[in-house]
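S.K.: Protein chains in written order, with my numbering: chain A, 1 to 430; chain B, 431 to 860.
Some clues are possibly wrong.
[As the list claims (entries may be wrong)] Computed list of lysine-lysine pairs in DSS-like fashion (alpha-carbon distance at most 27 Å, straight line): (1) K87/A - K790/B; (2) K507/B - K423/A; (3) K790/B - K316/A; (4) K790/B - K423/A; (5) K819/B - K316/A; (6) K360/A - K507/B; (7) K746/B - K77/A; (8) K369/A - K746/B.
Keep in mind the hints are simulated off the structure, nothing from the lab.
The residues making up each chain are set out below.
2 protein chains.
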Amino acid sequence: MKLVEVDGTEFVEGGVCAAKGFRANGICCGLAHKPLTGTENTAAADNALPNSGKKRDLALIVADKECTAAAVYTTNKVKGAPITVTKKHLETGTAQAVIVNSVNANTCNADGIEKAEKMCELAAAELGIAPEKVIVASTGVIGQVLPIEPIANGMKALAEGLSYDGNPRAVEAIMTTDTVPKEVAVKFSIGGKTCTVGGMLKGSGMIRPNMATTLTFITTDADISAELLQRALSDTVKVTLNRVSVDGDTSTNDMVCVLASGTAENTPIKKENADFDAFECALYAVMMNLARMMARDGEGATKLIECAVTNAPTEKTAEIVAKSVICSALFKAAMFGEDANWGRILCAIGYAEAEFDIDKVGVHIASDKGDIEVCRNGAGVEFSEEKAKEILSEEEIRILADLGQGGGAAVAWGCDLTYDYVKINGDYRS
Amino acid sequence: MKLVEVDGTEFVEGGVCAAKGFRANGICCGLAHKPLTGTENTAAADNALPNSGKKRDLALIVADKECTAAAVYTTNKVKGAPITVTKKHLETGTAQAVIVNSVNANTCNADGIEKAEKMCELAAAELGIAPEKVIVASTGVIGQVLPIEPIANGMKALAEGLSYDGNPRAVEAIMTTDTVPKEVAVKFSIGGKTCTVGGMLKGSGMIRPNMATTLTFITTDADISAELLQRALSDTVKVTLNRVSVDGDTSTNDMVCVLASGTAENTPIKKENADFDAFECALYAVMMNLARMMARDGEGATKLIECAVTNAPTEKTAEIVAKSVICSALFKAAMFGEDANWGRILCAIGYAEAEFDIDKVGVHIASDKGDIEVCRNGAGVEFSEEKAKEILSEEEIRILADLGQGGGAAVAWGCDLTYDYVKINGDYRS
């Protein structure tokens, strides 16, 4: 899937290890109950435990030294135990490691918090740091007790296998129904110093960011205060991850966190100046591309759909309208069928819970194969069905909705609704 | 599908013709472009035009004399032209006929209002009444111009074929993706006089009542003022049709209307007294059962799902929570897979946009085959997967969520998410 460039940044390899001073690893400790399907078996190439052939399920990211840290969490009232523990640990605005398991979300279990704290203690002990400097996350099935023994048994190998190029193993370890690993990194400049921001994300179903979506881990070597790091993260989440919907469900475990090591030795960012802007821009480049990857890898998806709303009364209205289209089951099914059913687009625009005049709305359907107008001033216009079909045959579709009544704009991302979504979710205790 | 009884009412046959003084008919005038599939070909038995084998597409309901009338309409900003015209006609609170076409929604067309008014004029001319006494409705594809010629050509036969038992033909004529005709009627008593309320509904996809859902036509022979008729209708819509979701989409053409002829000769209902309550009760019996039928016939549905929320801080909270569960794609897919995935239920409860304490929530899954507790105080409890599977094998599933913190209650209805939903909507220009 093509990456979208952002001025002032340049893509680099390495994901969460791209920034200086971060090591990562991922192993299979035995939580995985389904054999690896459809992805490369990398067990032979590293330090997996004797469950070869099963997916990695335990990941670790460690910074050479303590970092400033920030996070954003789900707004679902049901919060996974890991979130409760991580929130507590991040009260200081500092952290040095992230321990993540997949397969089991450690949510809605009576002993959840105890288990999440135990994971931090186990990691901390291997690393020689305090448990409060560890961020913990879990993803997978809700409501099944998390077995701690495999995690405890695997911690030594997990720590010993850390490396400055271990990001691919970590990414695999956080995946659940994802079909592809999602990571991206950019380098940019702050006052002549090269800085890097890199991230990895997992997320495919149960996605409707009404917070920060799924699990996203970001590292950077920029030197930035905890307060500004939090601000940059919160701002960027709002216009990226919070504008993705795969199926309208908001997870109980969604979290994004960022660690900033300061090893790039830029002039420390302590106020909202040009350096802060450059940092936010790089963070945006990473998170926007991760958001697109997530939407594209939506459960069962065959297409990435982007809805760009312009000229809305306000930005908020633009966002509400864009998300309304992206979330419409009927529209998503039409995209799967490559059917230029603009009536459903207009319908979704019409029931968006925002104030605007529907009679000024115009809609275009576009992709790399072209662009056609399908609606003007709230009514249909003639268009070539053949051209529409050609445009919709692409993997990335853009719906452009011009509300014609202001300066607000927003972009949201989603995917089509397919048979595979139903298949995956009709039989996956998650 | 079983009907649910309401105290004080008794089911009778006849749908919109059950109440005294109402005739109905439905013909195929040539709008239908798809042959009749899967339903009985009734063309031979009546006055269908020479398009035998195609679905009826034009319906008419006529009262012997002018009635008090009321309606509730979609809140989608995109409103079908028929709605605009009907609203205007109902300013007087009176009407005598309803003309409905299926196949084409007459929405988002430049000449929509002109066509909708023309339909009223054509019907009125055949019936010898004023066009303003005609309610008009359309359902089907959005954004394709409505051909008026077939309707004009068919009006004579449509009017001549009216009968006091013509309701089955009318119901067929309003169907689009519905797989079954939906009608129900009840008789009840007002001051010793027998009164009747009957209704018919069409609706299967693009359903999320944020108003009054799809097309519903109700007749009654009760004598009731226009103002109270409107109040009864609005109140009842809120707790029935507005609590159904098939796929989260709110249509552009949704409307419910009711005609009250007064021929039952009850003491006229002019204030909110016991007679008014009895009338509302009967209206509720009809609309609640129509709502359940609609949910059960959701596009591709194999199951009717009912979510009953009790002990919420307020009724509004209960409603928001019930609808949140019913609308969850992940939950719906799990129901299709007969998977007791209570974690998804709790997740949907958790992201409902209402204030309450998640740690007091308990959930049961039930059907005619039994009832099991799956969640208590916001956490999972042990349950028999075998028993759960048995319970979920039924066609009607009930999710019972007790919030444990108040007296508010509400019930919402929906259906499972299946491959057929995707199939139907991946290739239906609607």
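S.K.: Could you run down the list of hints and mark each one as holding or not?
M.R.: Status of each hint after checking the structure:
With a CA separation close to 22 Å, the supplied pair K87/A and K790/B stays within the 27 Å bound. Proposed proximity of K507/B and K423/A is contradicted: the alpha carbons are some 34 Å apart, above 27 Å. The hinted pair formed by K790/B and K316/A fails the criterion: a straight-line CA distance of about 34 Å is larger than 27 Å. Restraint check for K790/B and K423/A: the C-alpha separation of about 33 Å exceeds 27 Å, so the hint is violated.
About 44 Å separates the Cα atoms of K819/B and K316/A, which puts this hinted pair outside 27 Å; it is violated. Only pairs whose Cα atoms come within 27 Å are accepted, and K360/A paired with K507/B is accepted, the gap being roughly 12 Å. With a C-alpha separation of about 17 Å, the suggested pairing of K746/B with K77/A holds against the 27 Å cut-off. Pair hint K369/A plus K746/B does not hold up; C-alpha atoms about 47 Å apart against a cutoff of 27 Å.
Of the numbered hints given earlier, the model fails hints 2, 3, 4, 5 and 8; all others are met.
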